[in-house]
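Protein chains in written order, with my numbering: chain A, 16 to 374; chain B, 27 to 245.
None of these hints come from the bench; they were simulated from the model. Please read these numbers as outputs of a predicted model, since none were measured by experiment. All residues carry an ideal CB built from backbone N, CA and C; glycine is no exception. One or more hints might be untrue.
As the list claims (entries may be wrong) - A partial selection of chain B residues facing chain A, derived with a Cβ cut-off under 10 Å: (1) Asp28; (2) Thr164; (3) Val242.
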Amino acid sequence: MPHISLVDVTKTFPARRRGERPVTAVDGVTLDVERGQVYGIIGYSGAGKSTLVRLVNGLEPVTSGSVLVDGVDITTLRPRELRRVRQGIGMVFQRFNLLRSRTVARNVAYPLEVARVPRAQRQAKVAELLEFVGLTEHADAYPEQLSGGQQQRVGIARALAADPSILLADEATSALDPETTEEVLSLLGRVNSELGVTIVVITHEMEVVTRIAHRVAVMEAGRVVEEGPTYDVFTAPRTETAKRFVRTVVRALPEGEELAALRARHEGRLLTISFTDEAASQARVFGALARAGVDFHLVHGGVDDIQGRVYGLLTIAVDGDDAAIRDALAQVGPGVTVTEATAEPAGPAGPAEGGERDG
Amino acid sequence: MDEVVEILPDLLEQTGIMLQIVGLGMLFGGAGGLVVGTALYVTRRGGILAQPVVWWLLNTLVNVFRPIPFIIFIAALQPLARVVVGKGIGTDAAIFAIALAATFGIARIVEQNLVALDPGVIEAARAMGAGPWRIIRTVVLPEALGPLILGFTFAVIAVVDMSAVAGLVGGEGLGNWAITYGYRQYNPVVTWSALAVIVVIVQLIQVLGNTLARKVLRR
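Isolated chain A, as found in the complex (with noise of 0.2 Å):
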């Protein structure tokens, strides 16, 4: 049984005033989150997923469809047992939301006075909390007496108090600098494998999917597009979203006017090289060039590390015959594709475009 299961979702809000219309935010969306899982769900702002990672825990009412949590369909609940629901779903936010009113003991300690957990209790948990996210030093400390990473580090210590089986990241790096966000990963990556904790991360940061999650959903205007384990969606992308958001990771083709300037530089062909890390792929596609007499230079790329794997994208210059071009990359066998780069803007080895975006 998925831990988390949406089936057929769809959430729309009302129009505001006369004469505009309904907006669906959440458009018949179907997904299974299995236990101990990190689930990536990416898209532009107002692509829905905000409101998708609300429908898990219940704070937005669905329109229709069923959201099932450990096989319990939270949609039929009444409030009483729903929030006894959601103190077994920990919830992490872009602007942290700490009561400012409270220290950071006391906002770690608040959905243990929540579920009732008698006092002592309740200073030993929040005291292991600190300690498990770095802070027990600041545990007097007022909100805006830290910094930005410090305070979602607070964010997680309280999400984490009630000993949740699940967690909801709604961009909880948005607001943090390259380094924080870093230190912040990190921490999601223990709660995951250290407490065993299913994480769902909503995010516009590419970075974030690549780094930490197992698996990944690509919303567009509130329906998911694509989905897949994150190494797939990241080196196989067959979606135009989904494309345009591995650019922003991967190191891209050339296109425009960067291309133009790698042709003006370079005679010959221009051929990009993916490949995945599948057998030292990269050392037999450069072994079979040199083999055949081909010269080639490295012009344009990088190679990138997603869910600890390599997938590279290198676009290479090459002077020589072009049946021994062909020849060569012929022999390179599986997990390598190539292609000409063209001032056509092409993903890596993808299918043609062109009806995958329903409007």
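Following the hints, complete the assembly by docking chain B onto the known chain A.
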């Protein structure tokens, strides 16, 4: 100077009565305003206890009564005062009118300060499984405490102002004393000493309010 010494016992007595009117008026009006203002905030659309009909009723009630000039309000309220406090005239009747008028005024002050709260912290409390009453008690009011203290300070001073009109229904206090024995009997010493005491009291209230708010807000 001799004149001041002569009126001193009256001045002290009337100051005491004014403080009693203001204190009781604020006690009831402050509590009433806090309840009505919080109710306006939680029942509004999108609120944690959204109840459009209740909100509409409260909002209309406040809108109808709040703009009435207090000098008319206190006179018009006499029949109701007779029912509630037993007499339509006297200090008690004045306190009753002040408490009611303060309720409507303070309700708006409370509502304004609560509306300014970051909805994010309310959402966080909901996400942690807190119910509406707990959220009001542990999030809404504590988070807005600083501005609320400043709002109540503002209200106390407005109530001091109202207390001067108590004489209209036969209530006592510094305001009534200044008008009856100062203004009407051409005795500026009475008027000015009453004024001086009121200025000092208002200053003290403001300083106290500012200090408390600063402490709560930590800035």
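For a quick check of understanding: which of the numbered hints are violated here, in increasing order? Violated hint: only 1; rest satisfied.
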